[in-house]
Amino acid sequence: EAGVTQSPTHLIKTRGQQATLRCSPISGHTSVYWYQQALGLGLQFLLWYDEGEERNRGNFPPRFSGRQFPNYSSELNVNALELEDSALYLCASSLEDSFSPLHFGNGTRLTVT
Amino acid sequence: AQRVTQPEKLLSVFKGAPVELKCNYSYSGSPELFWYVQYSRQRLQLLLRHISRESIKGFTADLNKGETSFHLKKPFAQEEDSAMYYCALQGNTGKLIFGQGTTLQVKP
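Sequences listed follow chains A and B, in order. Residues 11 to 123 in our numbering are what the first sequence spells out, letter by letter. Residues 4 to 111 in our numbering are what the second sequence spells out, letter by letter.
Derived by calculation from the structure, the hints in this document are not laboratory data. Hints may be right or wrong, so weigh each one.
[Unchecked claim] Facing chain B, from chain A, some residues (calculated, C-beta under 10 Å):
(1) V14
(2) S41
(3) L53
(4) F55
(5) D60
(6) R65
(7) N66
(8) R67
(9) G68
(10) L100
(11) A102
(12) S104
(13) P111
(14) G117
[To be verified] A few chain A positions that, by computed beta-carbon distances, are all more than 10 Å from chain B:
(15) G26
(16) Q27
(17) R32
(18) F74
(19) S75
(20) S83
(21) N87
(22) L91
(23) E92
(24) L93
(25) R119
[To be verified] Here chain A is said to cover these stretches of chain B; the calculated rule only asks that three of the stretch's residues, wherever they fall, bring their Cβ under 8 Å from a Cβ of chain A:
(26) 44 to 50
(27) 102 to 111
Nothing here was measured: the structure is a model prediction, and the numbers come from that model. Glycine residues also receive a C-beta, built at the ideal position from the N, C-alpha and C atoms.
Based on the provided sequences and hints, a complete structural model is requested.
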């Protein structure tokens, strides 16, 4: 089975720009999660989408947003980029049922200069 | 509020020694708890979860509700166990919260 795929692998942007990160879940998975892994901060929960709707979001400003498409793929958008947004952004997918394990992608490394 | 604490950033043991990676949580309801692992140059993956009561690669974890802990244990560490280990908690909101992670280093 193909795993969770994320694109691009690396993304370099300047402060103030916008970044768009993409994620394709495992076939059959309807839930998509986004996490930020900044240096020294562990995995911080960003967003959870299921069946096209945002189910929950973490403690991030509104300039972090996203969406889930009818094919269950997802986009994470970060507006007005700041230097501290530089991090590895991980996407994970799971089945809709409760407590299904998450399957992670390899991440997108975002660098803001 | 949901919170997961892994007090050790690094745990270094010799091959064959017992391993215990600590995890404490804060949650008012009945959480589901997981351990995820990331080996070098591999993606983060599920190691085990409380609901399955299973042993994976010799690792076990017992939920202690009184101490709000979910420590990961293995009686005899192997070099291939060297990795980053994350404890995670999922509450009834569905949100999965991770601890800061512990790097396990198994020396030959």
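A quick look at each hint next to the structure:
This hint holds: A/V14 has a C-beta 8 Å from the nearest C-beta of chain B, less than the 10 Å allowed. For A/S41, the suggested interface contact is upheld, since its CB lies about 8 Å from the closest CB of chain B, less than 10 Å. Satisfaction of the interface hint for A/L53 is found here, the shortest Cβ-Cβ separation to chain B being roughly 4 Å, below the 10 Å cut-off. Proximity of A/F55 to chain B holds as hinted, the smallest CB-CB distance being about 6 Å (cut-off 10 Å).
The interface hint given for A/D60 holds, since its Cβ lies 8 Å from the closest Cβ of chain B, which is under the 10 Å cut-off. The criterion of a C-beta within 10 Å of any C-beta in chain B is met by A/R65, whose closest approach is roughly 6 Å, and the hint holds. A distance limit of 10 Å between C-beta atoms decides the matter here; for A/N66 the minimum to chain B is near 5 Å, and the interface restraint holds. For A/R67, the shortest C-beta to C-beta distance to chain B is roughly 9 Å, which falls under 10 Å, so the interface hint holds.
Interface restraint check: A/G68 against chain B, minimum CB-CB distance 8 Å, threshold 10 Å, status holds. Taking 10 Å as the C-beta cut-off, the interface hint given for A/L100 holds, the closest approach to chain B being about 7 Å. Below 10 Å, beta-carbon pairs count as interface contacts, and A/A102 has one with chain B at about 8 Å; its hint therefore holds. Hint status for A/S104 relative to chain B: holds, with the closest Cβ pair at about 9 Å, below 10 Å.
With 10 Å as the threshold, the beta carbon of A/P111 comes within range of chain B, its nearest partner Cβ sitting at about 4 Å, so the hint holds. This hint holds: A/G117 has a C-beta 8 Å from the nearest C-beta of chain B, less than the 10 Å allowed. A/G26, annotated as away from the interface, keeps every beta carbon of chain B farther than 10 Å; the closest lies near 30 Å. The beta carbon of A/Q27 is kept farther than 10 Å from every beta carbon of chain B, the shortest such distance being approximately 27 Å.
For A/R32, the condition that its CB be more than 10 Å from all CB atoms of chain B holds, with the nearest at approximately 16 Å. At the 10 Å boundary, the C-beta of A/F74 stays outside the reach of chain B, the nearest C-beta of that chain being 15 Å off. Here A/S75 stays apart from chain B, with its beta-carbon at least about 17 Å from theirs, past the 10 Å limit. Listed as a non-interface residue, A/S83 keeps its Cβ farther than 10 Å from every Cβ of chain B; the least gap is roughly 18 Å.
With a least CB separation of 20 Å from chain B, A/N87 remains clear of the 10 Å interface cut-off, as annotated. For A/L91, the requirement that its beta carbon stay farther than 10 Å from each beta carbon of chain B is met, with the minimum near 24 Å. A/E92, annotated as away from the interface, keeps every beta carbon of chain B farther than 10 Å; the closest lies near 22 Å. Here A/L93 stays apart from chain B, with its beta-carbon at least about 22 Å from theirs, past the 10 Å limit.
The claim that A/R119 is not at the interface with chain B holds, since no C-beta of that chain comes within 10 Å of its own (minimum 14 Å). Figure legend: the segment 44 to 50 of chain B, annotated as covered by chain A; annotation consistent (4 residues with Cβ-Cβ distances under 8 Å, at least 3 required). Residues of the segment 102 to 111 of chain B with a Cβ under 8 Å from some Cβ of chain A number 3, which satisfies the need for three, so the listed coverage holds.
Of the numbered hints given earlier, the model fails none.
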